[in-house]
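There are 2 protein chains.
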Amino acid sequence: MALIRSVFQDELDGVSQSLVDLTQMVSASISKATTAILSADLKLAEEVIATDDHIDTFQHELDARIIDIIARQQPVASDLRALVTALRMSADLERMGDMSHHVAKIARLRHPGGAVPAELHPMFQAMGTAAEKIATKTGVVIATRDTVMSLEVERDDDEMDKLHRQLIGTLVDPSWKHGVESAIDLTLLGRYYERFADHAVSVSRRVYFLVTGTFA
Amino acid sequence: MALIRSVFQDELDGVSQSLVDLTQMVSASISKATTAILSADLKLAEEVIATDDHIDTFQHELDARIIDIIARQQPVASDLRALVTALRMSADLERMGDMSHHVAKIARLRHPGGAVPAELHPMFQAMGTAAEKIATKTGVVIATRDTVMSLEVERDDDEMDKLHRQLIGTLVDPSWKHGVESAIDLTLLGRYYERFADHAVSVSRRVYFLVTGTFA
Chain R
1 MALIRSVFQD
11 ELDGVSQSLV
21 DLTQMVSASI
31 SKATTAILSA
41 DLKLAEEVIA
51 TDDHIDTFQH
61 ELDARIIDII
71 ARQQPVASDL
81 RALVTALRMS
91 ADLERMGDMS
101 HHVAKIARLR
111 HPGGAVPAEL
121 HPMFQAMGTA
131 AEKIATKTGV
141 VIATRDTVMS
151 LEVERDDDEM
161 DKLHRQLIGT
171 LVDPSWKHGV
181 ESAIDLTLLG
191 RYYERFADHA
201 VSVSRRVYFL
211 VTGTFA
Chain S
1 MALIRSVFQD
11 ELDGVSQSLV
21 DLTQMVSASI
31 SKATTAILSA
41 DLKLAEEVIA
51 TDDHIDTFQH
61 ELDARIIDII
71 ARQQPVASDL
81 RALVTALRMS
91 ADLERMGDMS
101 HHVAKIARLR
111 HPGGAVPAEL
121 HPMFQAMGTA
131 AEKIATKTGV
141 VIATRDTVMS
151 LEVERDDDEM
161 DKLHRQLIGT
171 LVDPSWKHGV
181 ESAIDLTLLG
191 RYYERFADHA
201 VSVSRRVYFL
211 VTGTFA
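Line order of the protein sequences matches chains R and S. Counting in the UniProt record's numbering, the first sequence runs from 1 upward without gaps. Counting in the UniProt record's numbering, the second sequence runs from 1 upward without gaps.
These are calculated hints, taken from the structure and not from any lab test. Nothing false has been slipped in among the hints.
A pair holds if it fits inside one copy or across any two, identical chains being indistinguishable in the list.
Using 30 Å as the maximum straight-line C-alpha spacing, the simulated BS3-like pairs for lysine-lysine come out as follows:
| no. | residue 1 | residue 2 |
| --- | --- | --- |
| 1 | K43 | K137 |
| 2 | K105 | K162 |
| 3 | K177 | K105 |
| 4 | K43 | K105 |
This is chain R alone, in the form it adopts within the complex (with noise of 0.2 Å):
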């Protein structure tokens, strides 16, 4: 029984450490997106939305472990709601693998021009640094299980909402001259950075929840 019982454990640290291997995934697709948009810089814009699709694959493949699991092992109470919280943590990484690639399609789409107009490089690296950062953190809090980290998260989210205002009171200020396409391209572009940042803070709040049994 105790035997059993470690052979559960490690699946658990299994799935644990792919989930970890996800933050990685995406954090570094979404800081080579930052890098192509920012340079239109096409190879690296291809790479991102080539990756994309391993990171799927990753993720159908820990899917289909974690259900495995599930079904060998039929775990109740804490156990179970770890499986299932992977689930639905891996479909948020997942999600802000998407990010990333549809970040990198609008950067392809431009080529050989740039999508981000000079005067908002510092802004867009700034929201691509941010959502770097969010993501190797989400992966540590997956690690740690650390609660105060997790809700370190929350306010890199609330940098990143600050930066997605400013970018919008950019856009929507009477002297914008970029015209109406480059205000759609950055509008969707901020969406998708903003919309990365929340699927982290999911996440981080899945783990906090897990370990407290309460929402922060």
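Go by the hints and put chain S onto chain R.
Below, chain S alone, put in the same frame as chain R:
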């Protein structure tokens, strides 16, 4: 044993019925949100926003029920797959409710003005009607497991994508005269309707996969 199986089957049917209930809630909410945005109806917008809390609560209770069924019945193979899929479908449906909520929030933000210029009313009416139809049809797909109809949902989504492309084409046309702020609202609104339909397609595909074991 036959009795236990029968109770379990009743529970699975109950889950399926709750998912159908959710499709009806989100079908009604996107319909009301469309009316709210096109008639600048603040009261209706507030109603959609309030209803979204109700949808969220309904979904949380459904998810708790599904997890409880897995814990008690310890299903394997196709029954476990159906219950895990139900969790994913409920997440998609909850997200459709969020899209209605987002539409209603733009209606509230622009009140007493209207967010949609008069010449775009027919286009948004068509998007609203398509969204409502696709949600309702998704409910029938869940209830009947009709794979032919699940493929129809994909075609209905193609129609939504076409409307969405027409919208963006209108916004970037040099004759656009409503400015950048309006274009930003309409870009986001267009994305909300498009995502609403995407989630319905996701639900229909999951039903197709449950029934056939393959993707269309």
